[in-house]
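Chemist: Chain residues, written in single-letter form:
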Amino acid sequence: MSAPERFINRDLSWVEFNRRVLSEAQNPAVPLLERLKFLSIVGSNFDEFFMVRVASIKRQALAKQRSTCPTGMSPRSQLKGIHTAVARITEGIYQTLLDEVLPGIAEVGLERVTPDRWSEDQRAFVGRFFRENVEPLLTPVRVDVHQDEPPSVRNLQLHAAFLLERETGGESQDPQDPPGPHLALVQVPRSIKRTLFLPTERAGSVAFTFLEQVVLEQAYQLFPGYRVVEQCLFSLTRDADMSVDEERDEDFLEAMEQILEHRDLSRPVRMVINRRSTKLQKVLAKLFGLESQEVYACPDPVDLAPLMEIVGIDGFEALRDETWRPVPSPQIDPDAPVWQSLRGGEVMLHYPYESFEPVLRLLREAAEDPDTLAIKITLYRTSGNSPVVRALVRAAEAGKQVTVLVEVKARFDEERNIDVAQKLERAGAIVIHGVARLKVHSKALLITRREPTGIRRYVYLSTGNFNDRTATLYGDIGVLSSREELAGEVGLFFNSVTGYSVIPGLRHLVLAPHSLRGRLLELIKREARRAQEAGRGLIIAKMNSLADPVVIEALYEANNAGVKILLNVRGICMLIPGVTGMSEHIRVVSVIDRYLEHARIFHFENGGSGETWLASADWMPRNLDRRVELMFPIEDDEIARTVRRLLDIWFADTVKAHQLGPDQTWKRVSAKKGRNVLRAQEEIHRLTVERGAIQEPENRQLFSVRRTGEAKKR
Amino acid sequence: MAEKKKKKKSESAVEKKRLVSVIDIGSTAIRLVVVEIRKKSHWTTLDRAVQPLSLGRDVFLRGSLSPESMREAILILERFQELLRGWAIPPQDVRVIATAAIREARNRDIFLDRVQVRTGFQINVVAGIEENHLTYLAVQHALNELRPQFSRSSAMILEVGGGTSELMLLSRGRMAGSHNLGIGTLRVEQQVLGSSGTTTDNGRVEEFLREHIRVTREVLNAEMRLDKIRFFVAVGGDARIAAEQVGTREGELFSVISRDAFVTFLDNVRSRSVEECVRDLKLTWTEAEGLFPALLILHLFMESTAADQLIVPDVSIREGVLLDFTIDPGHGIRKEFVRQVSGAALALGRKYRFDEAHATAVTHLALQLFDQLKDEHGLTDHARLLLEVAALTHDIGYFVRADGHHKHGQYIVENSEIFGLSRTDLSIVGNVIRFHRGATPSPGRSSLGALRWSQRMMVLKLAAILRVADALDRGHLQRIRNITIQKEESGLMIQCESLGDISTERHGLTIKGKMFEEIYGYQVVLL
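So the sequences go chain by chain: A and B.
The number in our numbering is simply the position in the first sequence, starting from 1, with 1 added.
The number in our numbering is simply the position in the second sequence, starting from 1, with 5 added.
Think of the hints as simulated: they come from the structure by calculation, not from any bench.
Predicted model, so just to flag it, every value in this text is computed and none were measured.
Think of the CB as a built atom: it goes at the ideal place given N, C-alpha and C, for glycine as much as any other residue.
You may find that some hints are simply not true.
For lysine to any residue, the following SDA-like pairs were computed, each having C-alpha atoms within a straight-line distance of at most 20 Å [as the list claims (entries may be wrong)]:
id, chain 1, residue 1, chain 2, residue 2
1, B, 287, A, 522
2, B, 412, B, 443
3, B, 22, A, 374
4, B, 287, A, 622
5, B, 22, A, 484
6, B, 340, B, 179
7, B, 22, A, 453
8, B, 287, A, 503
9, B, 287, A, 514
10, B, 22, A, 370
11, B, 22, A, 522
12, B, 287, A, 520
13, B, 22, A, 457
14, B, 287, A, 438
15, B, 287, A, 505
16, B, 287, A, 78
17, B, 22, A, 485
18, A, 65, A, 49
19, B, 412, B, 379
20, B, 287, A, 509
Only part of the chain A face toward chain B is listed, based on derived beta-carbon distances under 7 Å [said to hold, decoys possible]:
id, residue
21, 104
22, 402
23, 492
24, 496
25, 670
26, 671
27, 672
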């Protein structure tokens, strides 16, 4: 008899997460454009997944490495499992897209028109558009299928492939040139929007097609003297993993840039191709050395990324979720500098329910403020032309000491981050390009001001990035504080990541990779001890992924000591709940809704004197061992109570929640008979609006009058 | 207009909160602290940084800093400079000190110069006995809550460094002895291995330290009975590591480790390799390397005492430096410090069997003169302290021979350790003693040796006062106690309460007042 399974494979669990996202796309209760968005998200999730994870497992398989997975699954069987599951989900995506979403939006006048249904007008429009805008950008490449080097098809770029034959009667001058068939490739231009809106006669409606269809339709013009025999569209997903030589300190940015170029030519791990030509499919698969399971033959559109352009189209409000406008935090006085609202202690900001604006405003105010001495910040993912970066540049130009830790190794944001780093350097900021061998994933801000009562520091610690865009999409919690001890420790944290100091002993903050793993295990063990002593123990944790075998074993042990464990895990979960003698007190729930659940919150009941922590880290080996992360305690009782209430709400969801069973499958949670239906994100939004409304400016009996000279006094 | 005024006012309020930084270039690390002085001698630590760097290894093994270490040190100091720019601290409020490693490096002047050129930092190389003073200030600050207990029993304060160790003995709160011992965590390597090997062998280190400390303990025991010591204060990074691991925090600025827990921890460290210490105790390599010898040295001294626990203050020489340049003279810690210094001078006097009644009477008189002549001499409180020490010890040369006792006194003082005084201080005191009789020197005189011009002037001003004070107790009978000075055109009139005949004193003054007249321009007249 084999030992009972203790873990779920990490990557299969990630695929399962995408199935849950897909189930939102399939959910008829969700507005159609939101469903389209979920489809596109699953598509881009898989792109990244293949580039990073599948590529890495494939490398293991090719190197005939032993399994590194705690389930003991071999790399081969992992790959097989992944491909089988992804293929099935991909089928689901197209079924939903083609049978439900696209027909649904067409009904209300947002119609994809395939080339076979283009009207005369539309055809003429497309022809003109092709000649003027597309053709000049196309570079057809003829490929000799027998050559050693496969052609340079860039990662995730959509290409058209053609099989050509010489027109009958056309004699070649070159005896070396056989009559065919020849293979030719054309990259669909990157610089043009993929969605092409077509003229339409129906008032109030929108017709669109995709650029790749235009290229295919007009391709005959590209090969004079040849006839297109077969054609198709395809894209390759390549291994995006990279290792940069960390010893190359002095020109680290340059080394990173080289690696990014390399990413476009590394080993392919997947080909997505439309089902136009089985012949081409075979030729291409052979050309790029892909196994049959790595070839995903799909209907059009093969690339799901441009669906986001449709989601973002103006109008069609009926096809979307109602707007939940982020509420300004009632604890931040809109008429005074942000730091004034922090003098009393701490303010929690819960995004996207609450606005990210206070953080931006704090940065802008600090940049302009003559009494601000220094600003220190970590940037992991930041948005293009970010207001955060703009404020930092202004502050540096104003002569403040601005120290920015830009993680240039943040995957897929490398280029943007290199650009940000250079921009800041030019402005005179001290820019640290990350830490050797570790990614700096923590999100921290420290502002030092000289105030009449002395030095005062303001800190902001968050579970989410300094990114104004994701702050409207990701559920994160940030804490603004002027607490002296906390600020001091954040200062020490910055000293260690900027190379001023060795890692200091910290009392409030917990730092990975230094001490986070140890502390987590300690906290879990303490809870187990409490349960044994008092017969009662409770751990409630919310995170994106739970994939650390050591932490999971500690949770199993705590389970066996009688601790009740509630886990809200959005993505990967390697823990198997509900198994007698291992995890019968553990419940795992995943909430997939309009906002991406992103907060990391860990609550330990600790025999009545509960401790609640926020963190930038998931419980994954990479977060605990290979990244610089911060976990920080919520010390303000009011905030701790608020967060504790939030945790309960996430576990009470009966609309958007899925629960993991002992059989390792996820099932949608539904309201028990007679019980209230609750949708966590809606409930939190409602509560946030309610809380904000109490202190709405309308209720005030006094105008906030601005008079010259008074601002200075503040 | 009104607005402008207001702004100015708030600016000056801002200025009152002074930011101060101390950088300490030690034998095993370079450390930085930034504090905000909130009230007199009350500060909040705002920032800290540590960069391990084993300068001591270079110096104690090879005698000089290696080019790599020098480069590394300068790089660290440049980073610290960048850090300090973020605090906008003016250069005069940054103190950079260096201890044993730099002090003993043959190429220290090159190092000091390079640092100055590259960073602008002027390094103050702290003399061995001055380290004691700074450590003591810091300890006192941290253990303020324990002061009542300290004043009732005996205590040993020990700071183990990389190059040297500071040891102080307090008897009922009074300084009974202070020593800068030539043992340290890095130096022990050199002492055990010479320059030949690099392997550290805990057994040999232990054998060496046991023997070395046994001898030291015997010497100390002559100064004060070690087995009566109830308080054992362990200062330094290694003690703090032990406190973090096995101690309990008892005060705002100190922790306590029970003797048993400490011994267990020492055994624990003894049985581990340096690598294991790094991994298991989460230490830097440099910290882990010195941990065992440091704890062992602490243990070997603690063994000789009756203390049942180690008190580990959260302070270091850096806080001592901060106190030294931030506290004002009226502050308790400063007063206490002055008492400790005069206690140490008194102890030295007793050692050389001085006439204590005469010495204290002259001191009392000299200080009265000093205080009442403030406008004339323009000297600081530190000069007053040196005068006090010089007055207390001015006649200790008699121990050698009456003839030329001023020269013998100078020799004795300059070759002794008086708690709280630097080598320069001792040299000033020695010269004041030297010139408390005999011919009046000129400031250019070569015997004033290495002293700077301002220090030479100080010697002359203090010696002139000491001469007058000495004359006022010429008969060694303490007939004159309190004096009042009146400045008149004809000279300085000294009014005194006297008991009995003071003709000897009157006569003495005519002889010993000459130097005073030359220096201050007043004839001294005893009314």
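Chemist: Which of the stated hints cannot be reconciled with the structure, identified by number in ascending sequence?
Modeler: Violated hints (numbers, rising): 11, 16, 18, 19, 21, 25, 26, 27; every other hint is consistent with the structure.
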